[in-house]
Amino acid sequence: MDLAEIARRLELETLYTDYAACLDSDALESWPEFFTEDCRYRVTSAENYEAGLPLGLIYATSQNMLRDRVSALRDANIYEPQRYRHLISGIRIAPDRTAGVSPAGGQDGSGPDLLEVTANFLVVRTMQDGAMCLFAAGRYVDGVARTGAGWKFAKKDVVLDSRQIDTLLAIPL
Amino acid sequence: MPQALQSPLKWPKEGNARVPYRVFADPEIYRTERDRVFLGPTWQYLSLADELPQPGDYKTTFLGETPVIVTRGEDGQIRAMVNRCAHRGNLVCLKQRGHTEDGLTCVYHAWRYDLAGNLTSVAFRRGVGGKGGMPDSFRLEDHGLKTLRTDTFAGLVFGTLSPDAPPLSDYIGNDIGGRIGRVMRGKPKILGTTSQILHNNWKLYVENVKDTYHASLLHTFFTTFRISRLTTAGGVAIAESGAHHASYTYGEQRGDNATSDQLYSEIHSLHEDYGLKDPRFLDSVDEIGDGITLQILSVFPNFVLQQIHNSIAVRLVLPKGPDETELQWTYIGFEDDDAVMTERRLQQANLVGPAGYVSMEDGAVGGFIQRAIPGAEEECSVIEMGGREHAPQPTRATEASVRGFWNAWRPLMGL
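If you're matching them up, the sequences are chains A and B in order.
Under the working numbering, think of the first position of the first sequence as 1, with each following residue one higher.
Under the working numbering, think of the first position of the second sequence as 174, with each following residue one higher.
Hint data in this document are derived by calculation from the structure and do not stem from the laboratory.
In this text, a Cβ means the ideal position worked out from N, Cα and C, and glycines have one as well.
Be aware that a few hints might be false.
Simulated DEER-style distance windows between Cβ atoms [said to hold, decoys possible]: (1) B:544 to A:164: 37 to 45 Å; (2) A:120 to B:309: 37 to 45 Å; (3) B:497 to A:5: 44 to 52 Å.
A few chain B residues that don't get close to chain A, going by computed Cβ distances all over 12 Å [said to hold, decoys possible]: (4) 227; (5) 273; (6) 276; (7) 291; (8) 335; (9) 343; (10) 365; (11) 583.
Turn these sequences into a full structure, and let the hints guide you.
Now the structure itself:
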């Protein structure tokens, strides 16, 4: 691994760490900023994903749709106070493979501008009364683009190992 | 005559306009309704016929909590049987769905059944070297899987274990049947599935589905964007028995917006300045051509068909205990959908399901009621919007179809 690769790896690890911190600290207004303007974001199950079925429990095809999701969570939807704790690990960068989405943003000429990245996640959900559950486990199957403002998600498939959601899915994963 | 409950329940004199909270929490009632409702004379949704396109295809599901296998036989017929080996009671099919070329074989002792549930062979039936084996009196034909009556309506497969259930089309009736047909008008194409675990009795979710009153009050997303208000034209159709219902809403605001705003102005949910940055996901077309943009339909006891704009889904409400329910969703389009239509359905699926803009609250509200029941088992909910009857009404500001559910449930339960 050369220094450029090590630097890129650290940048991507920071991206995922910051992404988790954003969702886990209720900074939802910043969540869309992790994505490109014409991003695709989808939450689905491994069952759907492996069968090639296109459904998303959350399905967005622009950064503005993610902003709308946050507005609805703040002002329209009703759900009990709760928090997530994301544990993200096992980040893998596909070697010399670009993800199947169009890149957005600028290019600085220092390697591929669109990477296919996968990572595992566990999410523990804690309700206001302290009840905790292992809410979600799965993997991210992402297209990460290098833009003028750093690495952004051009595509994020949140692939849940289970098809069962406990009660509801409010805060994004 | 159904056997009485050990701790008797006297139904309130107000009839279907009152429901004792005990019915949502009492294990004895739960156990009793398993026999009288789910194994009783009701038809329950099992599958889309198109989920099993080829002979040899099978899937597993439940009749209440009873495990069921649904198959398509070599003759093309869809059949269903209890997923319990006639030998020692093991689950015959373990997978959610699959395909078999040589029938169904129990993993425990390799008893084999054909796709109609007939026992075709027993391993070591003649023993080994003349020793052991089944007695000569053992007859394969006496030991098949228990079979369900099955029938298909508009591509939806239903089943029952009761010989007393009327024919399926009579059970559903012409009115509700027509409202199923207006949605299921093509060959379905599955877009995906999901499921929710609800921490409440199954009937609290069914009440929620049949409750046309709450939609624009609990689900503030709709109200905020004037997608659906009780002041939008619509109504509720209810089967004569009360068992099934279909609520419907017309797309255009047929009332007066200013009056509507005033009616809603004191309700927490109205946000005048709220706007979507990218409303493309709400682009919908009147694909059926009758102006109805929302239709929520239920078939007693636990089937739901949803048309929310162009998002079409079937929902199955499965009891998992007195205070736990699994809600399964299958989202569909149709074979003749073009790419634009499929994308539209996927976008609008954001409205429903566990993360749905207008349905996530439904996943939680039953649990909120369940948590408030302890100490109130002898008290009752009040279901009087729109009177005490369960006749169809040309408005959704009514709880008539909720009363209809209880009108169908109570005789089965002897309550």
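Violations among the numbered hints, reported as their numbers in ascending order | Violated hints (numbers, rising): 1, 2 and 10; every other hint is consistent with the structure.
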